[in-house]
Structures are given as structure tokens and as C-alpha cells.
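Using our numbering, you'd call the opening residue of the sequence shown number 1 and step up by one each time.
Calculated directly from the structure, the hints in this document are not laboratory data.
All C-beta atoms, glycine included, are put in the ideal place defined by N, C-alpha and C.
Incorrect hints may have been included.
Across the chosen pairs, the derived CB separations fall in these ranges [stated by the list, open to error]:
id: 1; residue 1: THR101; residue 2: ASP76; range: 31 to 37 Å
id: 2; residue 1: LYS22; residue 2: GLU46; range: 25 to 31 Å
id: 3; residue 1: ALA23; residue 2: ASN74; range: 17 to 23 Å
id: 4; residue 1: ILE70; residue 2: LEU21; range: 24 to 30 Å
id: 5; residue 1: ASN98; residue 2: ASN38; range: 16 to 22 Å
id: 6; residue 1: ARG100; residue 2: PHE59; range: 17 to 23 Å
id: 7; residue 1: ASN74; residue 2: GLU19; range: 21 to 27 Å
id: 8; residue 1: GLN65; residue 2: GLU19; range: 20 to 26 Å
id: 9; residue 1: ASP40; residue 2: ARG100; range: 16 to 22 Å
id: 10; residue 1: ASN38; residue 2: THR101; range: 15 to 21 Å
id: 11; residue 1: ALA61; residue 2: ALA18; range: 18 to 24 Å
id: 12; residue 1: ARG45; residue 2: ALA18; range: 31 to 37 Å
id: 13; residue 1: ASN74; residue 2: ARG102; range: 15 to 21 Å
Derived pair list, reagent style EDC-like, types lysine to aspartate or glutamate, alpha-carbon separation capped at 16 Å [to be verified]:
id: 14; residue 1: LYS42; residue 2: GLU81
id: 15; residue 1: LYS22; residue 2: ASP80
id: 16; residue 1: LYS33; residue 2: GLU19
id: 17; residue 1: LYS22; residue 2: GLU85
id: 18; residue 1: LYS22; residue 2: ASP72
id: 19; residue 1: LYS42; residue 2: GLU19
id: 20; residue 1: LYS86; residue 2: GLU19
id: 21; residue 1: LYS86; residue 2: ASP72
id: 22; residue 1: LYS49; residue 2: GLU19
id: 23; residue 1: LYS33; residue 2: ASP80
id: 24; residue 1: LYS42; residue 2: ASP80
id: 25; residue 1: LYS22; residue 2: ASP76
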Amino acid sequence: MALFFGKKRVSNDKKVPAESLKADHDEIMSLFKRCDVNNDRKLSREEVKAGFRRLQSRFPAFRTQRAFQIADQNRDGYIDEAELEKLVSYALSCYQGNVRTRLLI
């Protein structure tokens with residue numbers, strides 16, 4: 001709880017079971033791997049944006065920009081296999097608890 005101008009604010013943090021998080025993690029990992037259309041084992045901005053579109057993001061360009069700020073550690077403009085885990089973690093933080101309902105296959 002936080003006090004904000006004298007009023008109590010209650011956070012609505014949803015607790016998601018661990019097995020559900022693991023399933024969502026695996027689903028998002030698989031999704032982004034399928035977005036690698038040229039099979040070069042790294043994701044370009046367009047490929048990441050396609051992944052966020054499949055997750056029905058309202059702002060896929062913004063999500064892509066933030067994902068590259070967070071995950072592209074070597075700043076080469078691609079998300080490689082070593083950086084993929086950070087991309088998946090970012091996507092999970094955006095859509096925690098409702099990945100399957102958002103997913104367009």
C-alpha cells in the first residue's frame with residue numbers, strides 16, 4: 001500500500017502460479033523463435049514487431065523499441081540467442097497472466 005496525497009492506494013498485483021508463468025515463458029519463447037523468418041538465429045526489429053503484433057499489442061512499435069533498449073545488450077540492432085531471454089522477460093512483464101488469450105497463431 002502506498003499513501004498518495006493522504007489516500008491509501010491498494011495495488012492490484014495478481015499472483016500467477018509458477019506453472020502458468022513457465023507455460024507463458026515457453027509460449028513467448030516459441031513465438032519469437034517462429035518470428036525469425038530468415039532463420040539467421042537473430043531477430044531484427046521487424047521480426048520482433050511481428051511477434052508483438054501476434055500478441056495483439058496495441059503499440060507494437062513502442063513495445064519493439066523498449067524491447068531493444070532492454071534486450072539488445074551489444075547494440076548491434078538484433079536480438080540474438082543470448083539476448084532472447086531478456087526479450088521474453090520483457091514480454092512477460094507486459095502481458096503477465098494473459099499470454100494465451102492474446103496469442104494469435
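Hint check:
The supplied range of 31 to 37 Å is met by THR101 and ASP76, whose beta-carbon atoms lie about 34 Å from each other. Between LYS22 and GLU46, the C-beta spacing of about 29 Å keeps the proposed range 25 to 31 Å intact. The supplied range of 17 to 23 Å is broken by ALA23 and ASN74, whose beta-carbon atoms lie about 30 Å from each other. Separated by about 18 Å at the C-beta atoms, ILE70 and LEU21 break the suggested range of 24 to 30 Å.
Checked against the hint of 16 to 22 Å, the C-beta distance between ASN98 and ASN38 comes to roughly 30 Å, which is inconsistent with it. Distance hint check for ARG100 and PHE59: the Cβ-Cβ separation is about 21 Å, which falls inside the suggested range of 17 to 23 Å. For the pair ASN74 and GLU19, the supplied restraint of 21 to 27 Å is violated, since their beta-carbon distance comes to about 33 Å. Evaluation of the 20 to 26 Å hint for GLN65 and GLU19 yields a failure: the beta carbon distance comes to about 32 Å.
At about 28 Å, the CB distance of ASP40 to ARG100 disagrees with the hint of 16 to 22 Å. Remark: the range hint 15 to 21 Å for ASN38 to THR101 is contradicted by a beta-carbon distance near 30 Å. The beta-carbon spacing between ALA61 and ALA18, approximately 32 Å, falls outside the hinted interval of 18 to 24 Å. Remark: the range hint 31 to 37 Å for ARG45 to ALA18 is upheld by a beta-carbon distance near 32 Å.
A hinted range of 15 to 21 Å is violated for the C-beta pair ASN74 and ARG102, which are about 30 Å apart. With a C-alpha separation of about 6 Å, the suggested pair LYS42 and GLU81 falls inside the 16 Å cut-off, and the hint holds. For the suggested pair LYS22 and ASP80, the alpha carbons sit about 21 Å apart, so the restraint of at most 16 Å is broken. A hinted pair counts as satisfied when its Cα atoms are at most 16 Å apart, and LYS33 with GLU19 does not qualify at roughly 21 Å.
Proximity of LYS22 to GLU85 is assessed by CA-CA distance (about 13 Å); at most 16 Å being required, the pair is judged to hold. In summary, the hint linking LYS22 to ASP72 is not supported, as the alpha carbons are separated by about 23 Å, beyond the 16 Å threshold. For the given pair, LYS42 sits about 28 Å from GLU19 by alpha-carbon distance, which is inconsistent with the 16 Å threshold. A distance of roughly 19 Å separates the Cα atoms of LYS86 and GLU19; the hinted pair therefore is violated under the 16 Å criterion.
Our distance criterion of 16 Å between C-alpha atoms is met by LYS86 and ASP72, whose separation comes to about 8 Å. With a C-alpha separation of about 27 Å, the suggested pairing of LYS49 with GLU19 is violated against the 16 Å cut-off. Of the pairs offered as hints, the one joining LYS33 and ASP80 holds, with about 10 Å between alpha carbons and a cut-off of 16 Å not exceeded. Of the supplied pair hints, the one linking LYS42 and ASP80 holds, its CA atoms being roughly 4 Å apart against a limit of 16 Å.
A C-alpha spacing of about 29 Å is found between LYS22 and ASP76, which places the hinted pair above 16 Å, so the restraint is violated.
In terms of the numbered hints stated before, the structure departs from hints 3, 4, 5, 7, 8, 9, 10, 11, 13, 15, 16, 18, 19, 20, 22, 25, listed from lowest to highest.
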